[in-house]
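Trainee: The primary structure of each chain is shown beneath.
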Amino acid sequence: MSEPDLSSSSLTPAEEPTEGSTSRRRMVLNMGPQHPSTHGVLRIILELEGETILNATPDIGYLHTGIEKECEVKTYQQVVPLTDRVDYLANLSNNLGYSLAVEKLLQLEIPPKAQWMRVLLVELTRINSHLVWLGTHAMDIGAMTVFLYCFREREDLLRIFEMFSGQRMMTSYIRVGGLALEPPRGWEQAVGKFIDAFPSKLAEYEDLLTKNPIWMNRTKGVGFLALEDLLDCGVTGPMIRAAGMKWDIRKDEPYSSYDKFDFEIPTREASDVYARYEVRLEEMRQSVRIIRQAMDGMPEGAWVTSAPNVVLPEREKMKTQIEALIYHFKIVTEGFTVPAGEAYVCIESPRGELGYYVVSNGTSKPHRVFMRTPSFANLQALPDMVKGRLIADTIAALGSIDFVLGDVDR
Amino acid sequence: MASKIQDALSSAAALAKGMGVTLKEMMSPTITEDYPDVPPKFQERYRGVHVLQRDENGLEKCVACFLCSANCPSDCIYIEAAENTDSLRISGGERYARIYNIDYSRCIFCGYCVEACPTDAITHGHGFEIASYDTSTLIWRKEQLLAPASPRETQTAINPPPGVRSPV
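Listed in order, the protein sequences are those of chains A and B.
Sequence positions in the first sequence follow my numbering and run 1 to 410.
Sequence positions in the second sequence follow my numbering and run 1001 to 1168.
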């Protein structure tokens, strides 16, 4: 079989082939934007020599929705449904990050029940997000079965989210001031049933993957990047913990009463795809632990703060008391004003540090909302991870980053 | 050589363990739903296609206060208000929505309209099969959104008994 002549094609060779090295010609290959294992519309420009990657450049922006800009024309409470759509696999984490930032500006005190409920929900979100990651990551590498099992468990979680908020994914359940609705009847049974069954399901995934020789060959030593390089790229979350750094915002800068929960931060040293897999699996176990504590110790009381000019009044009051009705009309039509200033709040989303930077100019609409999304920073580590490796390793490395394109492009 | 044999054995054991999981799952009952042959099950709070409710007299609950459209993050509700008269009484309040359109090509089903409604007129039903090849059909009019009324109720809506007149 003869080599195709690259000079006449649209693919430009990175350098002119020198004499006697016809087999060592470089070629440029687009992986994506429509490639199943890029998990969305990501284009990676791969510079290849044979099957070896010389350089990889992620080309982002295909899913740019202008969400940050859109926030500037919505009232503060109307921004919450937009934050759902940033990282669409960890909606409640985004709701929480944004709500915490606005609450910081408003200096609102959130009642303990709402705080614990938030912790419970974002931990369920973490499991949900990690399940999608595990399923799709394993499927990319060739283990189809795990995908089906993960999505079966995810279905139970989505049903729980639907029970709470009325929507499976775009929940908008965590709002500025507390929660959107009272926790539904029977949520304890639904969540309890899930966390009772889930550890045995995790063991099943481990049976399928952890010792599987194909899985180990495809993941061990693949996608290695030293801790310093990860830090230089601004990588956070499970990736950095798989490189041995014990950094978790839930522990290091506790928010929403995470300091009252007892859990471990799993770390590994290897900093390869396999280590990231181990860390995320262990994180799911820890999440179950946190959820159990949240359920056992759920405080009594209000699920929304008492701030009549921010939070909509109770529906019964609104229908019977004229004052509550006036507040209701005022908040719905104008929104609430937030004192001028700026606030940055970061939380530990399933992917890493998720920060919301909200600037207020004293009106009822934010002047600027900036999202420090973990996927964007984490994706920067990709080129260094795959340089000098084979194309097939790109798929494994890409999956181990666990990015969401909505989170990258916003 | 011995280590190679050991490797092969442990690999085989790991694969057998994985196959064991698959075999176990084969025996367990299926959990997939048979949609569209069997209607899907929803949670009580499911946010589906809106339903405009009627009161106990069959009158429309909507009094055209525009709160739903003010609270809508995607600007998908269009209302035109009109006054109720003695000969034509549509809602229990002073005004009624002459036109009430929801643009389902914009609606994100966030539930903000339902939260805003002071008369519980707009609610989320459990309908969801609204996909269309033609986006112009996605603008639903009031007639499509209203909860059905029985013929008797329609009669009372036009000629209401004295008790249900609005306290003007």
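No lab work stands behind these hints, which were simulated from the structure alone.
Hints are not guaranteed to be accurate.
Computed cross-link-like contacts, BS3-like style, restricted to lysine-lysine with a CA-CA straight-line distance of at most 27 Å [to be verified]:
1. K1061/B <-> K319/A
2. K220/A <-> K260/A
3. K201/A <-> K1024/B
4. K330/A <-> K319/A
5. K113/A <-> K260/A
6. K220/A <-> K1142/B
7. K330/A <-> K1017/B
8. K201/A <-> K1041/B
9. K365/A <-> K74/A
10. K69/A <-> K365/A
11. K220/A <-> K104/A
12. K1061/B <-> K1004/B
13. K69/A <-> K113/A
14. K220/A <-> K193/A
15. K74/A <-> K260/A
16. K1142/B <-> K193/A
17. K387/A <-> K330/A
18. K211/A <-> K1017/B
19. K211/A <-> K1004/B
20. K1017/B <-> K220/A
21. K211/A <-> K260/A
22. K1041/B <-> K317/A
23. K211/A <-> K201/A
24. K220/A <-> K201/A
25. K104/A <-> K260/A
26. K211/A <-> K1024/B
27. K201/A <-> K1142/B
28. K104/A <-> K365/A
29. K319/A <-> K113/A
30. K1004/B <-> K1017/B
31. K319/A <-> K1142/B
32. K220/A <-> K113/A
33. K113/A <-> K387/A
34. K113/A <-> K193/A
35. K193/A <-> K1004/B
Facing chain B, a subset of chain A residues (Cβ under 8 Å, in silico) [stated by the list, open to error]:
36. E72
37. K74
38. D196
39. S200
40. N309
Backbone N, C-alpha and C fix where the C-beta goes; we use that ideal spot for every residue, glycine too.
Trainee: Which numbered hints does this structure break?
Mentor: Going through the list in order, the structure violates hints 2, 6, 7, 11, 12, 13, 14, 15, 16, 17, 21, 22, 27, 32, 33, 35, 36, 38, 39 and 40 and respects the others.
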